[in-house]
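Whole structure, please, built from the sequences with the hints as guidance.
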Amino acid sequence: MWRIDGMRFGSTDDLSSDFSTQKTCREDIRCIAVGDANSGKNQLLAACEKIDSDKEQAVFLEYSTCKLYNDINHKLVFKGFSGQENTHNLRRMSYIEPTGVFLVCFSVVDREQFENATDNWIGEIKSYAPGSPYLLIGTHTDLRKDPIYRQQLQLESKKVVTKREARRKAFIHECKYLECSSTTLRGVKQVFNAAISAALQGDYAEALRRRVCQMM
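Heads up: the sequence shown runs through residues 1 to 216, numbered per UniProt numbering.
Keep in mind that the hints were calculated from the coordinates and are not lab data. It should be emphasised that the depicted structure is a prediction, and the values quoted were computed from it without experimental measurement. Hints are supplied without guarantee of correctness; some may be wrong.
Said to hold, decoys possible - For each label pair, taking beta carbons as the anchor points, the in silico distance ranges come out as:
id: 1; residue 1: Gln154; residue 2: Asp119; range: 23 to 29 Å
id: 2; residue 1: Pro147; residue 2: Val77; range: 35 to 41 Å
id: 3; residue 1: Gln152; residue 2: Tyr128; range: 33 to 39 Å
id: 4; residue 1: Glu174; residue 2: Gln151; range: 33 to 39 Å
id: 5; residue 1: Glu156; residue 2: Tyr128; range: 32 to 38 Å
id: 6; residue 1: Gln152; residue 2: Glu124; range: 26 to 32 Å
To be verified - List of simulated lysine-lysine pairs, DSS-like, C-alpha gap at most 30 Å:
id: 7; residue 1: Lys176; residue 2: Lys75
id: 8; residue 1: Lys159; residue 2: Lys189
id: 9; residue 1: Lys159; residue 2: Lys145
id: 10; residue 1: Lys159; residue 2: Lys126
No residue lacks a Cβ here, since even glycine has one placed at the ideal position from N, Cα and C.
Structural data, given as structure tokens:
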């Protein structure tokens, strides 16, 4: 187990062989995480690095790491924005740059975030970055069975977002759904593998191949 500013995380043994800042990376993949404030997006991105992940209210975060995928080290450049309304223009400017994949995040214990992810955030991506791949990501899965959260949801007559209904929404929006917990690290590896796989397709992948050929 390891800790960051009082937050407890699971063992990183299953990630250490895949994530490393010491490797020489051949290709860059730009990954932008979007979602409401407290949707777990920045904790998710921080899960592959031992850095301060207690920055969910930060306006903008950027950091990178290497990920081995199909025997090639890819440099993942992560960017995360807060869900605050006053960051709209900043996000819009970021959409102009070519992006490998978007991670649309929501907490599975917050139904309003789920609705915003599918109704607002995906719509924003389609408007400002048409054709860019995106994944729907459910975070905080460890809280689904947390007695405190379950009791609070019951008092508010609310229910957690199930994997089945999230997959149904993802199907409607023609994207893949994955879920994870940055606390236990369960599902984190699968999220980043899916992100790389989605990025290495279409026009973005072709641009990466041209860049590599120019470097050789």
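Provide an ascending list of the numbers of those earlier hints which the structure does not satisfy. Checked against the structure, no hint fails, so every one of them is satisfied.
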